[in-house]
Amino acid sequence: MLSTISVAVYLDSPEAIMYGGPREANGTAITGRVVVTGKNAAQMASLIVTLRGQRARMFHTQQSAAPATRVQASLVVDGQNNSDHTAVSDRTHAWRFALRVPGDMAETVYTRGSFVAYEVVAEARAISAFAAVQSRAVPVAIKRTPPTDSAWASAAGAAVEENAAWRSQLELTLTTPSRIMHDAQTVSVSCLVRPLTKGIRLGRVAVQLSERITHNGAWHAQPYTTTRVVAEEIDPDPETGGLGQTLVHETAASYTLHVPPAYTGIQYDIHRGAIRAHHELALTVSIADAQDRVHNLRLATPVFVLPLTRTRRTSLPRYEDAAADRLVSAPAPRRDSDFWAQFVLIDTAPSPAPGRAEPALDACPLALHGYRPSDIAQAPPPSYPGAQEEIERTVVPPLRPESNHEASSSFVTPLYTEVMYSESLPDIERSAMPLEAYVVV
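Counting in my numbering, the sequence shown runs from -9 upward without gaps.
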């Protein structure tokens, strides 16, 4: 039997943004309206709106990793309206709805093998003995970001300058306006290559934005990680000379990285759930030393790809309720949302300690590797692996004079490694952001 009604869903926004940390955030609401058109639109037996995870499509290789979450709102029950109802015309009626999204819901993400996605489904049935249920689904993106007016956002949004020296022969500097990036954005990156000795020849210089996706294996299988370069700018001909020219003075270059659109070209930072995403910005340099040995150097720093928010979320006391309003400032342990608001970042001095055991650490979005709070009162809660640890930097000393036999063999030598450790958190995964260099003979 042909249906006498049609259903349409119109969302007020195609995305729902939760403000807070990866394990706890403020909930949000998905609002919109359901429009029913037909001769029996005014006589509805039931009208239900549901937020649920999208299912895998037939003949598609991607598998759904969305949690089994269902948030429902009953707009019409047994012919009685439970929501705001508007009669647009005799044949068109609209109902407003609001779906509450919990703060611990996994964010939307798309990878090559799996995805986490959500949709809002409206199911309507007219009052009729033979009326069928009519449904309509529209996609909605669930996003998470720290509040724009938090101390963490202010500190992470400051300019970044990473500097490292290689064997007292070459110095690399990487500079970017902010550690926070947004999708479909243009990012300016500057680099500086300064020779500390004679005979260094510069080859290839490149700036890369890479993405690391970690999948939790299904059915208790081992997790696996994939890494890819999402944006890259290459300069094979530095401004001070052609390819392979000897470096006499420092070489400076500026690049413009175009961050791809979200979900199709790049994923937002996700640090909890079945699929996790991390990003880093790296400067790669290819050089040849005085003995014509080729070295590939890499200077990397973590960055965060976050959704772009247009408004500032600031809650101020109401003057008309001044007697009842209070400003409370009290710590709440093991709350990531408190961390977003309290954590302040500063540089730390390198403190070499060779041979120290390194417990595992979690790759947390709140961990800016190489930073720690300046005061214990500003320390993040114990659930954050960067709360109490220090940072070790191990610099490989210059190579000793080699014999002819040693010089003729191929070897791979790490240049610079940063390792974070915490003795109070031995059960968390390892997290290290290395500066890598490889020597090829």
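Hint data in this document are derived by calculation from the structure and do not stem from the laboratory. Careful, some of the hints might be misleading.
[To be verified] Derived DEER-like restraints, expressed as beta-carbon distance ranges:
| hint | residue 1 | residue 2 | range |
| --- | --- | --- | --- |
| 1 | 298 | 270 | 39 to 47 Å |
| 2 | 45 | 240 | 51 to 59 Å |
| 3 | 202 | 68 | 24 to 32 Å |
| 4 | 253 | 80 | 36 to 44 Å |
| 5 | 167 | 79 | 51 to 59 Å |
| 6 | 53 | 4 | 48 to 56 Å |
| 7 | 215 | 253 | 51 to 59 Å |
| 8 | 77 | 298 | 32 to 40 Å |
| 9 | 212 | 242 | 19 to 27 Å |
For every residue, glycine included, the Cβ atom is placed at its ideal position computed from N, Cα and C.
These are the hints, each one checked on the structure:
Between residue 298 and residue 270 the beta carbons are some 20 Å apart, a value that contradicts the proposed interval 39 to 47 Å. Distance hint for residue 45 and residue 240: a CB-CB separation of about 56 Å, consistent with the stated range 51 to 59 Å. Range check, residue 202 to residue 68: Cβ separation about 52 Å, and the 24 to 32 Å hint is violated. Checked against the given bound of 36 to 44 Å, the beta carbons of residue 253 and residue 80, roughly 41 Å apart, stay inside it.
One distance hint, 51 to 59 Å for the beta-carbon pair residue 167 and residue 79, holds here, with the actual separation near 53 Å. About 24 Å separates the C-beta atoms of residue 53 and residue 4, a value inconsistent with the hinted range of 48 to 56 Å. Under the hint 51 to 59 Å, the C-beta atoms of residue 215 and residue 253, about 20 Å apart, miss the expected range. As the Cβ distance of residue 77 to residue 298 is approximately 38 Å, the hint placing it in 32 to 40 Å holds.
Checked against the given bound of 19 to 27 Å, the beta carbons of residue 212 and residue 242, roughly 44 Å apart, lie outside it.
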